[in-house]
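Protein sequence lines, in the order shown, are assigned to chains A and B.
Each step along the first sequence adds one to the number in UniProt numbering, with nothing skipped, and position 20 is 20.
Each step along the second sequence adds one to the number in UniProt numbering, with nothing skipped, and position 585 is 585.
For the record, the hints were derived by calculation from the structure and aren't laboratory data.
Fair warning: there could be bad hints in the mix.
Which residues of chain A face chain B? A partial, calculated answer using Cβ under 7 Å [as the list claims (entries may be wrong)]: (1) Phe-9; (2) Ile-13; (3) Gly-14; (4) Arg-16; (5) Ala-21; (6) Ser-44; (7) Val-130.
Where a beta carbon is used, it is the ideal one built from N, C-alpha and C, also for glycine.
Listed below, chain by chain, are the residues.
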Amino acid sequence: MNKVMYLEFERCIGCRACQAACRECGDHDGKERNYVEYVDFMESRQTYPMMCMQCTDPACARVCPANAIQITEEGVVLSAMEEKCIGCRNCTFGCPFGIPKFDFEENKMYKCDMCYDRTQHDISPMCASVCPSDAIRFIDFEEMQELRRRRTQLNLVEGKKPTEQDKWQYVPEFFGVYSD
Amino acid sequence: MSEFIVKKDVKNLHHEGEKLISTHCCYCGMQCGMHIRVNEKTGAIAGVEPRYDWPVTLGKMCPKGVTAYQTIDHEERITKPLIKKDGQFVEASWEEALDLIEKNYKRLQADYGKDALSVFGGVSMTNEKCYLVGKYARVGLGTRFVDYNGRFCMSSAAGGFMKTLGTDRGSTLPWPELEHTDCFFMSGTNTAECHPTTIQWLWKARDKGAKMIVADPRETPTARIADVHLDLKAGTDSALANGMMHLLIREGYVDHEYVSERCNNYEDLKKSVEPFTPAYTAEITGVSEEKILKAAHIYGQSPRSVVMFARGVEQQAKGVDNVTLYTSMALLRGQIGKFAAGVATFTGQGNGQGGREHGQKSDALPGYRKIDNPEHVKYVSSVWGIEPEEMPKAGVSAYEMFDEIQRGNIRSMHVICSNPAVSAPNNEYIWDGFNKLDFMVVSDFFLSETAEFADVVLPVTSWAEDEGTTTNLEGRVIRIRKVKDPIGESQPDWEIINRITERMGKKEHFGYENVQQIFDEFRLATKGGKADYYGITYDRIDNEEGVFWPCPSEDHPGTPTMFKEKFDTPDGKANLPSVPWHEPDEVPTDEYPVTLTTGRVVFHYLSGTQTRRISFLNEKCPEPFVEMHPEMASQYNLSDGDEVKLTTKRSSMKLDVKLTKAIRSDHVFVPYHWGKELSVNLLTNPALDPTSRMPEFKVCAVKIEKV
Chain A
1 MNKVMYLEFE RCIGCRACQA ACRECGDHDG KERNYVEYVD FMESRQTYPM
51 MCMQCTDPAC ARVCPANAIQ ITEEGVVLSA MEEKCIGCRN CTFGCPFGIP
101 KFDFEENKMY KCDMCYDRTQ HDISPMCASV CPSDAIRFID FEEMQELRRR
151 RTQLNLVEGK KPTEQDKWQY VPEFFGVYSD
Chain B
1 MSEFIVKKDV KNLHHEGEKL ISTHCCYCGM QCGMHIRVNE KTGAIAGVEP
51 RYDWPVTLGK MCPKGVTAYQ TIDHEERITK PLIKKDGQFV EASWEEALDL
101 IEKNYKRLQA DYGKDALSVF GGVSMTNEKC YLVGKYARVG LGTRFVDYNG
151 RFCMSSAAGG FMKTLGTDRG STLPWPELEH TDCFFMSGTN TAECHPTTIQ
201 WLWKARDKGA KMIVADPRET PTARIADVHL DLKAGTDSAL ANGMMHLLIR
251 EGYVDHEYVS ERCNNYEDLK KSVEPFTPAY TAEITGVSEE KILKAAHIYG
301 QSPRSVVMFA RGVEQQAKGV DNVTLYTSMA LLRGQIGKFA AGVATFTGQG
351 NGQGGREHGQ KSDALPGYRK IDNPEHVKYV SSVWGIEPEE MPKAGVSAYE
401 MFDEIQRGNI RSMHVICSNP AVSAPNNEYI WDGFNKLDFM VVSDFFLSET
451 AEFADVVLPV TSWAEDEGTT TNLEGRVIRI RKVKDPIGES QPDWEIINRI
501 TERMGKKEHF GYENVQQIFD EFRLATKGGK ADYYGITYDR IDNEEGVFWP
551 CPSEDHPGTP TMFKEKFDTP DGKANLPSVP WHEPDEVPTD EYPVTLTTGR
601 VVFHYLSGTQ TRRISFLNEK CPEPFVEMHP EMASQYNLSD GDEVKLTTKR
651 SSMKLDVKLT KAIRSDHVFV PYHWGKELSV NLLTNPALDP TSRMPEFKVC
701 AVKIEKV
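Pulled out of the complex, with its shape left as it was, chain A reads as follows (with noise of 0.2 Å):
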């Protein structure tokens, strides 16, 4: 899976369809995983999603004491396994990006898997799929490239840059997910 979670924030209109849409995928048990919160809605409605950085070295999976945190051959965090989960919760301090999610009633950790039962398949994860201002986006990590070097080759054009307005101070322009 040569593809990469593509994330531009300033797109976000908080609209909150990735989180509907990751509970539709089969294997999230009706919960949703990912986050969208506002920057401050005192000041902008700018929203922002949050999802899990698929880490190449987890701190999720470092801290768990009984390896319960598996990591794919493509290099996705999957949830941690429900026989091995202890319910310590380490993961969910451990992860610098707050991302790990604690069903206090089952007592097991749970997080965001890509849709792994659709991206082995090279089939977009739920949130990509469904989110109307493409502020998330599953590519090509070739065409992500393409991506960033255009915001720039944009800016250079005279006339030709996406906004002129000052909003993009609160959040960074864009954000790269690797998952490889």
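Following the hints, complete the assembly by docking chain B onto the known chain A.
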């Protein structure tokens, strides 16, 4: 033809033991493509799968779309007819319910005449059903009183387009062309929340350098990304549009060749926009002169532009004027009828476009024919198998039907696919009207606030339990597929109409056996009209990814781009308007010093009858709030989350304050998707547009008190 439509090489996830059925969302005019997952053995709905190859939406869905399937088997569905006995609903058989309807309808018509009955329709249903509502009222019941909830939604756009361009098709261009547009001038449309899947097209264009100008009193998620946000006061659109045209003329941005060849009244328009200098426009609208100038230059210099608007400009007592003015901005720039350019309104309801063309409106007949035109009446009568003299005269608009109830002229109402107890302005007047009725019938699949007033509630199928066509916001006729059999004893609206009209002795005019039969009659009824569907067939829709009307014959390709050669007016030329500045019906006073505007949130649809029952959507937005600038809040000593009482001349309500700087400091905003004491339409002003009879939901004067 397979039920699952997919292009070669498009991958979808197929779960074992499930099949996919291709259809469209039940909510807004985007009509996003989707596949519904169905268990092959049990026929139960399993979920949703993106329809990546639907050309308008490319698999994208908003949270309403993703969860739409959850309404189908919802536990609160009405599964049996309900009859009110001693103030309580009890389940009844269809025979009992129909007996009661027949008895009361016949009694009321005998005592008070044919027009004692009325029908209040809606446009969140298929073309086939919308078409039947008009026929049901006029032929089945013989009453002139029929109208529909489009009066609260799109009728000003229709009126404005008719006046200016001669025909009302919501968009003059197909949506995928938006990618190639250079400038979007968007007014009174919070696209990001109300038609979210359009945003992808705006960004595709922006990635190539396109500009966005957004006029809205709030810095909505749409306005947030605009190059220029024109933060106008609610109700000042006509001044803004006049001011923009003043600058287009002054700065030499008018396409004179186009205007002289294709438009009437240019000199009059020039004279009428003369006073609207940037200073005068700024004074009325509250937008700074710099922003007005900047917007005019960006818009004027763009080779290909689209003017887009929605309820913000339409739901005003001057809605039609606003539409004619904004449309004229596109005409002065010579944009209508060309590639990636034109004018478009964002249709609010799923079939707002198709539903307003085919005779649910009090003065309209199928195919955009008019009931005051003897030729039109003659043609439609011949299709319906009645004598032209039998055709009832024009009725009155939706809100005015409630005046007729107060006068005792309307004694009974059948509400189909609508919830005016929430969506009509001045709610208390509406509720009082329902209470005054001798007999009230509601067809719905949830017990809406309106249904609670009824004497009989008839359980209807949801959108996924019947088939048919809708017309999306582009004017593209598309196909809704039946996904499963109806729940309980619910029946499609057309079957209910069959059964009531049979009781009323009109079986020979109805008695439909299937939807195809209605569609074929409907095509014939539209033949030769402005909205001509005659050449559209179910197979063509499947093969051609929808067909754009007008499409007068089966070998006609349909009309993706409107008005390429000429407009639909008698002389083929567009009519430019001359509109002086008028204030909104209500302006702030000492007693009511603040402007209240209403609208939607992304999580709910219309009166919320469906979306409030979906757990995800309700979790995200469980109740209304009043959005307020912190500058205003400090004048009333209010903090975030405090409770306030809002009072207008109509009524008052209590709400929690939500503070944000993303709104004008002299306006407050309340979303309208809730009923009873949480309905902001308790407060809204029923002042009607003189042409479209649309109420002024978007502007009223309000008093704020800390509770």
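Quick rundown of the hints versus the structure:
1. The closest approach between the C-beta of Phe-9/A and any C-beta of chain B is roughly 12 Å, which is over the 7 Å cut-off, so the hint fails.
2. Annotation: Ile-13/A was flagged as interfacial toward chain B, and the flag holds, the nearest CB pair being 4 Å apart, inside 7 Å.
3. Using the Cβ-Cβ criterion of 7 Å, the hint placing Gly-14/A at the interface with chain B is satisfied: the shortest such distance is roughly 6 Å.
4. Because the closest C-beta pair between Arg-16/A and chain B is about 5 Å apart, less than 7 Å, the hint holds.
5. Proximity of Ala-21/A to chain B holds as hinted, the smallest CB-CB distance being about 5 Å (cut-off 7 Å).
6. About 6 Å separates the beta-carbon of Ser-44/A from the nearest beta-carbon of chain B, less than 7 Å, and the hint is met.
7. For Val-130/A, the interface hint holds, since its Cβ comes within 7 Å of a Cβ in chain B; the closest pair sits about 4 Å apart.
The structure does not agree with numbered hint 1 stated previously, though it agrees with all others.
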